[in-house]
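There are 2 protein chains.
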Amino acid sequence: MRRLKLVIEYDGSRYHGWQRQTVTSPLAKDRVTIQSILEERLSRITTEKIKLVGAGRTDAGVHALGQVAAFTTKSSLSPEVLKRALNSLCPPDIRILDVEEVSPHFHPRFSAKAKSYLYFIIRTDRPPVFLNSYCWPIRAELDITAMKEAAGYLIGTHDFSAFRASGCSAKTTVRSITELSIEEGEFIPFMGIQIQERFVRFRICGNAFLRYMVRNIIGTLVEIGKGKRPVSSIREILKSGDRKLAGITAPAQGLFLERVYY
Amino acid sequence: MRRLKLVIEYDGSRYHGWQRQTVTSPLAKDRVTIQSILEERLSRITTEKIKLVGAGRTDAGVHALGQVAAFTTKSSLSPEVLKRALNSLCPPDIRILDVEEVSPHFHPRFSAKAKSYLYFIIRTDRPPVFLNSYCWPIRAELDITAMKEAAGYLIGTHDFSAFRASGCSAKTTVRSITELSIEEGEFIPFMGIQIQERFVRFRICGNAFLRYMVRNIIGTLVEIGKGKRPVSSIREILKSGDRKLAGITAPAQGLFLERVYY
Numbered sequence: 001m002r003r004l005k006l007v008i009e010y011d012g013s014r015y016h017g018w019q020r021q022t023v024t025s026p027l028a029k030d031r032v033t034i035q036s037i038l039e040e041r042l043s044r045i046t047t048e049k050i051k052l053v054g055a056g057r058t059d060a061g062v063h064a065l066g067q068v069a070a071f072t073t074k075s076s077l078s079p080e081v082l083k084r085a086l087n088s089l090c091p092p093d094i095r096i097l098d099v100e101e102v103s104p105h106f107h108p109r110f111s112a113k114a115k116s117y118l119y120f121i122i123r124t125d126r127p128p129v130f131l132n133s134y135c136w137p138i139r140a141e142l143d144i145t146a147m148k149e150a151a152g153y154l155i156g157t158h159d160f161s162a163f164r165a166s167g168c169s170a171k172t173t174v175r176s177i178t179e180l181s182i183e184e185g186e187f188i189p190f191m192g193i194q195i196q197e198r199f200v201r202f203r204i205c206g207n208a209f210l211r212y213m214v215r216n217i218i219g220t221l222v223e224i225g226k227g228k229r230p231v232s233s234i235r236e237i238l239k240s241g242d243r244k245l246a247g248i249t250a251p252a253q254g255l256f257l258e259r260v261y262y
Numbered sequence: 001m002r003r004l005k006l007v008i009e010y011d012g013s014r015y016h017g018w019q020r021q022t023v024t025s026p027l028a029k030d031r032v033t034i035q036s037i038l039e040e041r042l043s044r045i046t047t048e049k050i051k052l053v054g055a056g057r058t059d060a061g062v063h064a065l066g067q068v069a070a071f072t073t074k075s076s077l078s079p080e081v082l083k084r085a086l087n088s089l090c091p092p093d094i095r096i097l098d099v100e101e102v103s104p105h106f107h108p109r110f111s112a113k114a115k116s117y118l119y120f121i122i123r124t125d126r127p128p129v130f131l132n133s134y135c136w137p138i139r140a141e142l143d144i145t146a147m148k149e150a151a152g153y154l155i156g157t158h159d160f161s162a163f164r165a166s167g168c169s170a171k172t173t174v175r176s177i178t179e180l181s182i183e184e185g186e187f188i189p190f191m192g193i194q195i196q197e198r199f200v201r202f203r204i205c206g207n208a209f210l211r212y213m214v215r216n217i218i219g220t221l222v223e224i225g226k227g228k229r230p231v232s233s234i235r236e237i238l239k240s241g242d243r244k245l246a247g248i249t250a251p252a253q254g255l256f257l258e259r260v261y262y
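Chain order of the listed sequences is S and X. The numbering of the first sequence is this note's numbering, which starts it at 1 and goes up by one. The numbering of the second sequence is this note's numbering, which starts it at 1 and goes up by one.
To be clear, the hints were calculated from the coordinates, so they are not data collected in a lab. Wrong hints could be hidden among the right ones.
The list makes no distinction among identical chains, and a pair is therefore deemed to hold if it is satisfied within one copy or across any two copies.
[To be verified] Mimicking SDA-like on lysine to any residue, the simulated pairs with C-alpha atoms at most 25 Å apart in a straight line are:
#1 Lys148 - Ser13
#2 Lys49 - Ser169
#3 Lys5 - Arg126
#4 Lys148 - Pro92
#5 Lys113 - Ile195
#6 Lys5 - Gln196
#7 Lys171 - Trp136
#8 Lys51 - Arg235
#9 Lys228 - Ser36
Could you put together the complete structure from these sequences and hints?
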């Protein structure tokens, strides 16, 4: 038996997230997910029933530049051949960047040391047509200095209960954020084209994340940027552990799982 | 009566090109075009029957960063209000960048002094998922030096008969190309992300273009880049005026109408 690791890029727009849906709900069978597509294609290629384990769920509409997943197989196909076969069977919005043989003990989630996410806000109410599915349009003024100051309070090891989704079932809620950077730009690059729209780019890196944690952090920082809450509120929210005190959940389409570190 | 000029950005992927289809064909009514969408929305806003004139047709799948169109109306709506109303009625893949009142004699096509197009080739057989609709994937080696040399022969005023579409009905076929640049890049920028794929970017600028002329030029230059024809063939093709001697038509999705100059 061999263990194979995949690195996957996807556009989450058309999908109900990463995770295969359990078939208890009558709706679930119509809910196409990245995992279900990949498992089906891998099963076809290997003629085995493949179960794929991902490094983390991404919600519906969230994109990935480097999602990681692994599976075990009897197949003797080389990683390169498997990569080509899988790419040729996948729709154009899912692309396999790398296939690699790994130790039988490799687990995409438990072996991960850190993960990074990117989030994009575009400073207009009408996004460029090419970037419509990849950003959160906010035209209102944002006090970026205040947002950066608030972000500073989140760096480090904290109990992030206040920033998790109501349905999140993680046993421990202590996580470490090592980076939360916020940058502004005047022109948003798209291929060789500089589209004239201001944008804000977040990068957040940590050992692990609770469900909706990144989007709840971004949503709260935006409310601080709009002056709806003071910078200091971020410390109170953290201390309270109360989801109701934090801000809104930023929309899925601006979020990219950038990389999983091992 | 006022004359209004629009500058329009669109993602051509879902459309049958710019031009409204004549309703003689039974298929035509199902063929949604950018022009038909805009005319319908403008007619709703002004409560008049609006006829829009564009600076040039773009074919199905071709994109625009700055298409120009104009119409005449009795409406007294300000350009800013009209822009907002039109944007709110248009689908997210059509965006109005600017509305401006112009002279009654302004004609988007006849008043234009020059036009520029961009074309993107990506050097892989599996394009990044986010850029799939915006480039021509070519994995084979391309001799960029040879392509640049060949491009040099096209700059200037020539009879471009050999590069026009078979159905093109333009009366004169002499056109002037003022720029035909070819650049290579190692990383293709997408928002704040550098996607690790080599790419080639063409920029072509001229006083006017025959139907398919840009795509036929790109297709021929690619065949030269692949070594299928010598650099010198470009002069013979030009001189012959024979479409059959030129190369293939490059796919629509890599092409962007960049700007119309007045």
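Results for each hint:
no.	hint	in the structure
1	Lys148 - Ser13	neither (29 Å within a copy, 38 Å between copies)
2	Lys49 - Ser169	neither (28 Å within a copy, 58 Å between copies)
3	Lys5 - Arg126	between (39 Å within a copy, 19 Å between copies)
4	Lys148 - Pro92	neither (37 Å within a copy, 31 Å between copies)
5	Lys113 - Ile195	between (36 Å within a copy, 23 Å between copies)
6	Lys5 - Gln196	between (39 Å within a copy, 20 Å between copies)
7	Lys171 - Trp136	neither (31 Å within a copy, 48 Å between copies)
8	Lys51 - Arg235	neither (41 Å within a copy, 58 Å between copies)
9	Lys228 - Ser36	neither (41 Å within a copy, 43 Å between copies)
In terms of the numbered hints stated before, the structure departs from hints 1, 2, 4, 7, 8, 9, listed from lowest to highest.
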